[in-house]
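> What follows is each chain in one-letter form.
2 protein chains.
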Amino acid sequence: MDPRSVGIVEKRFVTFAEPPGGMPLDSGASLGPITLAYETYGRLNDAKSNAVLVCHALSGSSHAAGYYSEAEEKPGWWDNMIGPGKAVDTDKYFVVCPNIIGSCYGSTGPGSVDPATGMPYGLRFPLFTIADIVRAEKELIDRLGIVRLLATVGGSIGGMQALEWAAAYPGRVRSVIPIASTCKRSALSIGLCEAQRQAIMADPDWNNGDYYGREPPSKGLALARIIGHITYLSEASMQRKFGRRLQENAAFKFDFTPDFQVERYLHHQGRKFVDRFDANSYLYITKAADYFDLGEQRGDGSLVRAFSQTEAKYLVISFSSDWLFPTSQSKEMVRAMTKAGRDVSFCEIEADTGHDSFLLAEVPITRLISGFLARVADEGGL
Amino acid sequence: MDPRSVGIVEKRFVTFAEPPGGMPLDSGASLGPITLAYETYGRLNDAKSNAVLVCHALSGSSHAAGYYSEAEEKPGWWDNMIGPGKAVDTDKYFVVCPNIIGSCYGSTGPGSVDPATGMPYGLRFPLFTIADIVRAEKELIDRLGIVRLLATVGGSIGGMQALEWAAAYPGRVRSVIPIASTCKRSALSIGLCEAQRQAIMADPDWNNGDYYGREPPSKGLALARIIGHITYLSEASMQRKFGRRLQENAAFKFDFTPDFQVERYLHHQGRKFVDRFDANSYLYITKAADYFDLGEQRGDGSLVRAFSQTEAKYLVISFSSDWLFPTSQSKEMVRAMTKAGRDVSFCEIEADTGHDSFLLAEVPITRLISGFLARVADEGGL
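Sequence lines, in order, name chains A and B.
Residue numbering for the first sequence follows our numbering, beginning at 51 and increasing consecutively.
Residue numbering for the second sequence follows our numbering, beginning at 51 and increasing consecutively.
Only chain A is shown next, with the shape it has when bound in the complex (with noise of 0.2 angstroms):
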């Protein structure tokens, strides 16, 4: 176990918006009762005032750091970022890591038993936004009982929460980080994301989304998760780490197995997230992610007006080799955060290791966002 690790964590549950009523959603349906995991890393201060809201990007969970057991290979998805001493310090602030609405980590989501069917809910879960998602991370900071965040921060889809959390609620959040995000996807987004949908919904054992109790769309939803992988790499580091470079017997099979160890490297990335994630849940959070558009949701189509109504100061960062979110979209957050009047900084990080960059410990945003987060809690009289 890594020694500057939280170390052994917990996963919690709290529930709300227990119908009838539950909690109203953009569109137009609602969703209750309302389960979400969470986990917190970290302590309270008396104040109330240290909290940093960290948001998990599309496959991630609440198990952002420490190990759930002593037997635990590996520890939470942003552990490098996040314990004692680290660019989120759980000596100084109190961290809180929810699972989202649809995903199947413990929050509802699809696979989760719909209460009025006695049987999980597949595609009969109504679609929800990113909005949605963080009205549902409201609920727990409310029941946490901490009225103003240190900081909404996550990477990618989760870096979109942490922008919808300040235009929502401006009184409730100090300070933005959003990493190698977007205030709304490309065309070219959109479409790769469509396409891995429909490798999802294509698969027989999908079937309308009707599958729990049966064989999954394992062979689909690998092939979403392949297609996914590749849009977190870049040409760079893809030809860095593999190259043309053969399998073991370096000669060319002549059959339509893998010849290239790219390709059996994503065979692999494929198979295994078959064992750990839930097709339903990639269709909806995908699409509530190509449905963010903070200028046109929450500005009436100007992002500047978007920007205008939140009272957090910023740190963006994107990575240069980012060709999912790239840094023009980064750019263009800042301009229009500038052209606000907000308080903003911007970092572009020069690394060739794409939209996963963000995940990953070699990269250097660990001074940036300690350094932020310090000057955040030292204006804020922490």
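Careful: at least some of the hints might be erroneous.
Same chains, same label: a pair holds when it works inside one copy or across any pair of copies.
[Unchecked claim] Result set (DSBU-like, lysine-lysine): computed pairs, CA atoms no more than 35 angstroms apart in a straight line:
| id | residue 1 | residue 2 |
| --- | --- | --- |
| 1 | K291 | K381 |
| 2 | K142 | K291 |
| 3 | K98 | K322 |
| 4 | K389 | K61 |
| 5 | K188 | K291 |
| 6 | K303 | K142 |
| 7 | K381 | K188 |
Worth flagging that the hints you see were computed from the coordinates, not collected in a lab.
Starting from the known structure of chain A, fit chain B onto it as the hints suggest.
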């Protein structure tokens, strides 16, 4: 009908490599008999010195220019480039365009009848390489009595063939024009192709390649095309064409049917493709393209050595927004050509239309090609 078209054209066929024997392939297998469909435009001069071989890409055919009948709505796939007074001027040059082996437009491929069984080959068709494609094309050129081609020209996988021609048969090629092409695919490009093959092979209707006379793997092939089509475009062109525009009713539908115009466009591309292309051909040709590595296969690991052994002049054209076969790969081949002492012209075209730029009328490569061909013809005493 375009008045500057070559007019009504006819698909012809040539058959060779009759068994026993057949044509030996790089895999060690052999293939025969081989039929190639091909078309010609313009007139072969008496010296047989004005022949230009046009090589098609993944989903192309022998139908590069003109119309099969007055009723045909769209001309051949490169009609904007081939015709009287056009880039490849059929008043001057004799254009030959064969359909490659493994394809489904009249040449022998996995959908052809295997004489050994009387049934379609399916996966019993041997895997082949770009060199094998070119080997078959040479049989056609031999039969047309052409000793030395004025030029081999092609985009994408067609460019690979154009390059391979000069390396495999140095004395038979006066010049080469590879467009949006590469001497070897990158790991990213191989990974994206493998995802497309997986889309086909995951479709139960694929049935291990035995689907002829039955339901073909349409869903899988459509998805492969969707993924492929995205890689032929660019972020900028997709943003310009579609942005985040929604379909007619301008509201999210909150279901898993396409919301965005870009999604519907991609679905349309997928569906259209299924009507015209064979899934097994897609597998075989993409694999041949993955295998291509000119330096490895023709220069014992050195691209410079591979080009040293050629006798051709080169015109290399790339497009700034092509991320499938990016300009960097064209520059790499140009550097090797230069080191090898070849006569090289190189032009990177500023265009936001991605890899598919080589097919588009609006991209200004006409004069580049016509000027280069005129010079080569002139120097050849044409």
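> Does the structure break any of the earlier hints, and which numbers would those be?
2, 3, 4, 5 and 6
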